[in-house]
Structure formats: C-alpha cells, structure tokens
Amino acid sequence: MYGAKGKIDLAFEYQSQVAVLRPSIHSRRANLTVKFQDLYGFTVEGNVDDVNVMNEVREKVRQQGRVWWALEASKGANWYLHTVIGQGNALKSSLKFSALANALTLKKIIRKGIPPVLRPKVWFSLSGAAKKKSTVPDSYYDDLTKAVEGKVTPATRQIDHDLPRTFPGHPWLDTPEGHAALRRVLVVYSFRDSDVGYCQGLNYVAALLLLVMKTEEEAFWMLAVLLENVLVSDCYTNNLSGCHVEQRVFKDLLSKKCPRIASHLESLEFDVSLVTTEWFLCLFSKSLPSETTLRVWDVIFYEGAQVMFNVALAIFKMKEDELLLTHHVGEVINILQRTTHHLFDPDDLLTVAFDKIGSMTTNTISKQRKKQEPEVMKELDERIRRLESFKMEDK
Amino acid sequence: MATIGHNNLNAKLVLLGDMGAGKSSLVLRFVKGQFLEFQESTIGAAFFSQTLAVNDATVKFEIWDTAGQERYHSLAPMYYRGAAAAIIVYDITTPDSFTRAKKWVQELQKQGNPNMVMALAGNKADLEDKRQVTADEARVYAEENGLFFMETSAKTAANVNDIFYEIAKRLPRAQPAQNPAGMVLVDRPAEGSRAAASCCS
Ligand SMILES: Nc1nc2c(ncn2[C@@H]2O[C@H](COP(=O)(O)OP(=O)(O)OP(=O)(O)O)[C@@H](O)[C@H]2O)c(=O)[nH]1
Ligand SMILES: [Mg+2]
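Top line first, the protein sequences correspond to chains A and B.
In this text, residue positions in the first sequence follow UniProt numbering: the first is 1, and each later residue adds one.
In this text, residue positions in the second sequence follow UniProt numbering: the first is 1, and each later residue adds one.
Calculated from the structure, these hints are not laboratory results.
Keep in mind that a hint or two might mislead.
What the hints assert, rightly or not - Restricting the straight-line Cα-Cα distance to at most 25 angstroms, the calculated cross-link-like pairs of lysine to aspartate or glutamate (DMTMM-like) are:
hint : chain 1 : residue 1 : chain 2 : residue 2
1    : A       : K146      : A       : E72
2    : B       : K103      : A       : E149
3    : B       : K103      : A       : D195
4    : B       : K103      : A       : E72
5    : A       : K112      : A       : E72
6    : A       : K319      : A       : E269
7    : B       : K60       : A       : E269
8    : B       : K102      : A       : E375
9    : B       : K102      : B       : E144
10   : B       : K130      : A       : D160
11   : B       : K60       : A       : E266
12   : A       : K319      : A       : D381
13   : B       : K32       : B       : D162
14   : A       : K60       : A       : D347
15   : A       : K371      : A       : E177
16   : B       : K103      : A       : E59
17   : B       : K102      : A       : D193
18   : B       : K110      : A       : E382
19   : A       : K121      : A       : D195
20   : B       : K169      : B       : D129
21   : B       : K12       : B       : E143
22   : B       : K60       : A       : E331
23   : B       : K110      : A       : D271
24   : A       : K319      : A       : E375
25   : B       : K32       : B       : D126
26   : A       : K319      : B       : E62
27   : B       : K110      : A       : E269
28   : B       : K110      : A       : E45
29   : A       : K146      : A       : E177
30   : B       : K12       : A       : D195
31   : B       : K155      : A       : E388
32   : B       : K169      : B       : E143
33   : A       : K112      : A       : E388
34   : A       : K256      : A       : E388
35   : B       : K102      : A       : E269
36   : A       : K151      : B       : E70
37   : B       : K102      : B       : D126
38   : B       : K12       : A       : E45
39   : A       : K133      : A       : D143
40   : B       : K60       : A       : E322
From a predicted model like this one, the values you see are computed outputs, not experimental measurements.
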C-alpha cells in the first residue's frame, strides 16, 4: 500500500545485470574515459584502470561473501547478530571468552566488508535500529506515513524540491517510485523529529540507505538510529552545531596525526572544513564511490561515528606527498576531489584509515567533543547576536 | 589572444542565495557551458575555477558555490571570508528568494571584505510567465546598495558569462607598482559610489 513493506529489489539486480566490464584494446590504447555502472547502479566515469579496479572489487566482494558463509557454517547461522561490542571495546569482563572472540572476529571482518546481500540484516541489527523499532508498535512507520500524508510544511516543501536533485540519473532513485519512497522516508522523519525536520544532505544519506536496506521502513529506522544514536547530536539541526563541533575535532586530529599536512595547509590559508564539511554531512556519499561509502558505513554502524575521522584523515594521509607540493588552494581541492572520486577500491582507503592512522578511542573523541562544544556555542551565539544587531541598526 | 603573463589576477568569488535559486547552475553554465534540468543540491559548498581574459589581464576565479538551505547559513563566513567578489542569486519566480538575497547583501556589507565587488543576479529569467519579482524592483534595490544587477538564465545562458565578465572588470587591480607603465587599468570603483549598471534591460 504505502510501499513500506514492498521490497526494492534493485541493488542486487544490477549486480547480476552488469556484465563484467572488459576494456577494449582501443580504449586501453587511447586511455579513454568510460562510463559504467557500479554495484549500486550509479554511473561512474573512469579510465581503464578504474574499470579493472572495479572488476577486482566485484571479485573481492564475492570472496568476502565466502568468508561470511564459512563463519556462518562454523559458528552457526546469524552468529553475528548476537555479538554486541561494547562502546569503545570496553567489553565487560563477565563476557564469556567465546563471546569476546566473536566480537573481535566480527570487528575484523566488518572492517573487511559486509557482503551487500547481508548488509540489510547486519546493519539493522548491529546499529541498534532493530532495537529502536522494537520499542514502538509494529505499525509505527505505516501509521505515521498515513498520518502525515498530504500535510505541507516547510520541510516537506524542501524535500519535494530536492527529490529530483538527489542522485539524478540513478536508474531507481530517479524514478517516480524512487522519489515516492525517498519522500516518505524523509517526510516521516521530519515529523518524528521536528528539530531536525529536513536538512539538505539527509536526502543523499536516506537515498543510499534505501538502496541498501531495500525496504522503506528499514531505511527509515536506519536513518533514525543514525541521527539519534550513532552521530553526535545536532549535526543537522538549526545551525548545525554538531557539525561545527566535528569539524573542530577533525582539525585538531589532523594537526596531531598529519602535522606536516596541517601546517602546510595552514600556510596556504586553507581551512580543511571547506572540503570536509560535505564529507561529514553526507557521510561521504557525495564524494566516494558507492561501495567505498558503504564500506565506511559498515564500520560506522558497528564501531561508531568516530570512524569518519579515521576515514577523513586517511584521505589526506594517502596524498601527503602531493599535498605538500601544492602552492594553491585550488590545487589542494583538486587533489582531494580526484582522490575521493577515484577510490574505487575500498581497501585502499580503509587500510590507511585503520592501519596507518592509528586507533582513536571513543573516549578520547568524546573528550575532544566536550572540549569544543562550548566554544562552538559561543561562536554561533556571537554570530547570531551580530546579525541581530545589523537588523537593529537598520531600523 | 595573447595574454600578458605578469598581469594575472586570482580572485575568490562566492555565490550566495536561497536553496534552488540556481547558484550551482550558474557556475556550471559559466565553467562548463552546461545546464542540467536537475542539478544536485549542494551540501557545504562546491569549488570551481575558471579563467577569464579581460582587457589585457586574465582573471582566475576561484569560485565557491555554497549551499542555500537556511541552516547552512552558519557555514557561510568560512566561504565568503577574504572573497574579492560575490554573486547573490535569487530566483525571479520566488519572492522569498529575493528577501533572502537582501539579507545576504546586508550580511556581506557588514561582515565581508569592504572592497568586495557584489553582483545581484535575478536568475531563471527564462521563466517570464512565472515571474514574481520585477526587474525594476531589483534594480532599484541594487542601485541603492551599490551592487550591480543583471537578470540571468543558467538555462538559456543569457547574461551568465556577462555577469562574471563584469565582475572581472570591476575587481580592484593589483598595486600600480606591479603594473607595467601604460597599462590600462579599469577604474577601481570608489566606495559607496559604485555605479550600478543595469545591464540586463
Ligand atoms: N528554468 C530555469 N531553471 C533553472 C535555472 N537555473 C537553475 N534552474 C533549475 O533550478 C533548480 C535548482 O538549481 P541549482 O543550481 O541546483 O540551485 P542552487 O542555488 O545551487 O541550490 P542549492 O544547491 O540547493 O542551494 C535546478 O533543477 C535547475 O535545473 C534557470 O536559469 N532557468
Ligand atoms: Mg547548489
């Protein structure tokens, strides 16, 4: 009826439809740019090397699937659904050894990637979305969908405006059916949390959640758990204060973890937030190729939002040598854009993110956030006051 | 056309305006000569660069195309800080976007670089039958506030290059000491008396 329970069986259709791409000898010679569809149906442009990488990634995804099936065979079906990792790995000592071993195995294989077919089930359970959903009546989403139908608010107007502007050209998202599903998820959420309402950026996040989860209702709960439990609060409300906090924490981390890059960029008067704000607000969905984005999300939903710092730092780290040679803001941005758009192999990024950046515990990150919060609030307040005073002057 | 190597200028330019007014579309038209019926909504901001030859100088624009939704307002200072020029965009079919444009002008006047060249763009001029903001109203406002005004259409390309070109001409040039003798310099518009050109009529 509302399509809430209707399956969106698309992401995986693509996988079977898209034949393995074989760059022709001609394109190889000419080093032409080719357009192709990735695992989730997005059209990407790349050269022959990129096509080869994509094919390797497809193969790695299949192999990783075999790893998951093998574990299932040895540990029992759905073993991972009962393995809960404590915040910041602070596992209770009372936990049985086998549970501890499972948690570590799970952390490791999640960092290696969740196979796309298992993603909906694993995300839904490990992120806490299933638990969140279980606290309300089963019909919650359908009821809310019905209740808000036909209502017009500033949020719904902005959502309507953004529907055709969310991954335009995608073979499912950019269809009447896709628009309708995305609309319901965003509109229902805007009524669930009127402080958030609708914030641009959520359209991309929700769209990707729909593609992965394949049912609207599960996409909705994933969005809810993401905004309410996984990310820092107020990332998308009012003046995006949470986002400002994350940006400041990130700048501190960059100076600590990549001091040479940080001081070089400072000498160019380049504020990294110019670029990283979008990464954080869209959880990389507008910058990284889809499978790479979702590999990042695999880890976010299990380990937490601080993973975004690892990933963002890794992008800078990977290009350290090039970045140190830049003389101009434009060059820096071009390097970062080129890098993110071509990160077709998620492992290239995640290896750096976890092996080279070093671990940052949830604890240290929360301390950093606490430290920045009052300063962000002060700055935002001052800004508002200044703007108000202009209005007074003009009267 | 020959360009004189030592007369290059880098200029940071920022686009501000309501969500959906057509900021990204204007930039895309100017930088790539394209128009998309459905342009992705901008989050944070997007960066582009484009070089223009003006008289015997070249101006390299570093363009920040910002996000229009109201709550992104708190990010804007990061993008307009140090900008040499700004294009404030509204959509001629939505009065609210014009109101929003005026707020941006006010903010830039108080907080922006005092020598900033400001342009007001009434975009979507191709949608004449849906017009809700008259060109006269906008022109009067622009004159009063020392901006120059053009109506543009990213769709038909009308006035798009022109608005960037006009900005390039008005940018304060480098210190005279760095310029070769006899260089024709475009007049630096004096504060407060920036003549408003009504280039669109
Ligand atoms: N008819 C017409 N449509 C336009 C014109 N310029 C932009 N549009 C359309 O208006 C919509 C919004 O344009 P954008 O360029 O994305 O607007 P924006 O100001 O960048 O919006 P945000 O990124 O959300 O702040 C798109 O669907 C464009 O195709 C124009 O000159 N004429
Ligand atoms: Mg835009």
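How the hints compare with the structure:
Taking the CA atoms of K146/A and E72/A, the gap is near 39 angstroms; set against the 25 angstroms cutoff, the hint is violated. Under the criterion of a C-alpha separation no larger than 25 angstroms, the hint pairing K103/B with E149/A is inconsistent with the structure, at around 34 angstroms. The suggested pairing of K103/B with D195/A holds, with an alpha-carbon distance near 23 angstroms, which does not exceed 25 angstroms. With a CA separation close to 59 angstroms, the supplied pair K103/B and E72/A exceeds the 25 angstroms bound.
Restraint check: the Cα-Cα separation between K112/A and E72/A comes to about 16 angstroms, which is no more than 25 angstroms; the hinted pair holds. This hinted pair checks out: K319/A and E269/A have alpha carbons roughly 18 angstroms apart, not beyond 25 angstroms. Of the supplied pair hints, the one linking K60/B and E269/A holds, its CA atoms being roughly 18 angstroms apart against a limit of 25 angstroms. Of the supplied pair hints, the one linking K102/B and E375/A is violated, its CA atoms being roughly 29 angstroms apart against a limit of 25 angstroms.
Pair hint K102/B plus E144/B holds up; C-alpha atoms about 12 angstroms apart against a cutoff of 25 angstroms. Distance hint between K130/B and D160/A is fulfilled; the C-alpha atoms sit about 19 angstroms from each other, no more than 25 angstroms. Distance restraint check for K60/B and E266/A: the Cα-Cα separation of roughly 22 angstroms lies within the 25 angstroms cut-off, and the hinted pair is therefore satisfied. Taken as a hint, the K319/A and D381/A pair is broken in the structure, with Cα atoms around 37 angstroms apart against an allowance of 25 angstroms.
Between the alpha carbons of K32/B and D162/B the distance comes to roughly 15 angstroms, so the proposed pair stays at or under 25 angstroms and holds. For the given pair, K60/A sits about 10 angstroms from D347/A by alpha-carbon distance, which is consistent with the 25 angstroms threshold. Taken as a hint, the K371/A and E177/A pair is broken in the structure, with Cα atoms around 45 angstroms apart against an allowance of 25 angstroms. The hinted pair formed by K103/B and E59/A fails the criterion: a straight-line CA distance of about 53 angstroms is larger than 25 angstroms.
For the hint pairing K102/B with D193/A, the CA-to-CA distance comes to about 31 angstroms; that exceeds 25 angstroms, so the pair is violated. Restraint check: the Cα-Cα separation between K110/B and E382/A comes to about 14 angstroms, which is no more than 25 angstroms; the hinted pair holds. A C-alpha spacing of about 29 angstroms is found between K121/A and D195/A, which places the hinted pair above 25 angstroms, so the restraint is violated. Restraint check: the Cα-Cα separation between K169/B and D129/B comes to about 33 angstroms, which exceeds 25 angstroms; the hinted pair is violated.
About 23 angstroms separates the Cα atoms of K12/B and E143/B, which keeps this hinted pair within 25 angstroms; it holds. Proximity of K60/B to E331/A is assessed by CA-CA distance (about 13 angstroms); at most 25 angstroms being required, the pair is judged to hold. Using a Cα cut-off of 25 angstroms, the hinted pair K110/B and D271/A holds, with the two alpha carbons roughly 22 angstroms apart. Of the supplied pair hints, the one linking K319/A and E375/A is violated, its CA atoms being roughly 31 angstroms apart against a limit of 25 angstroms.
A distance of roughly 20 angstroms separates the Cα atoms of K32/B and D126/B; the hinted pair therefore holds under the 25 angstroms criterion. Distance hint between K319/A and E62/B is fulfilled; the C-alpha atoms sit about 22 angstroms from each other, no more than 25 angstroms. Between K110/B and E269/A the CA atoms are separated by roughly 22 angstroms; this keeps the pair inside 25 angstroms, and the hint holds. For the hint linking K110/B to E45/A, the alpha-carbon distance of about 43 angstroms lies beyond 25 angstroms, and the restraint is violated.
The hinted pair formed by K146/A and E177/A meets the criterion: a straight-line CA distance of about 17 angstroms does not exceed 25 angstroms. Using a Cα cut-off of 25 angstroms, the hinted pair K12/B and D195/A is violated, with the two alpha carbons roughly 34 angstroms apart. For the proposed pair K155/B and E388/A, the alpha carbon gap of about 36 angstroms is over 25 angstroms, so the pair is violated. For the proposed pair K169/B and E143/B, the alpha carbon gap of about 18 angstroms is at most 25 angstroms, so the pair holds.
For the proposed pair K112/A and E388/A, the alpha carbon gap of about 51 angstroms is over 25 angstroms, so the pair is violated. Distance hint between K256/A and E388/A is unfulfilled; the C-alpha atoms sit about 37 angstroms from each other, more than 25 angstroms. A threshold of 25 angstroms between alpha carbons decides the hint, and for K102/B with E269/A the separation of about 29 angstroms lies outside it, so the pair is violated. Restraint check for K151/A and E70/B: satisfied, since their Cα atoms lie roughly 21 angstroms apart, inside the 25 angstroms limit.
Proposed proximity of K102/B and D126/B is supported: the alpha carbons are some 22 angstroms apart, at most 25 angstroms. Taking the CA atoms of K12/B and E45/A, the gap is near 29 angstroms; set against the 25 angstroms cutoff, the hint is violated. The hinted pair formed by K133/A and D143/A meets the criterion: a straight-line CA distance of about 13 angstroms does not exceed 25 angstroms. Simply put, K60/B and E322/A have alpha-carbon atoms about 22 angstroms apart, close enough for the 25 angstroms limit, and the pair holds.
Of the numbered hints stated above, those contradicted by the structure are hints 1, 2, 4, 8, 12, 15, 16, 17, 19, 20, 24, 28, 30, 31, 33, 34, 35, 38, listed in ascending order.
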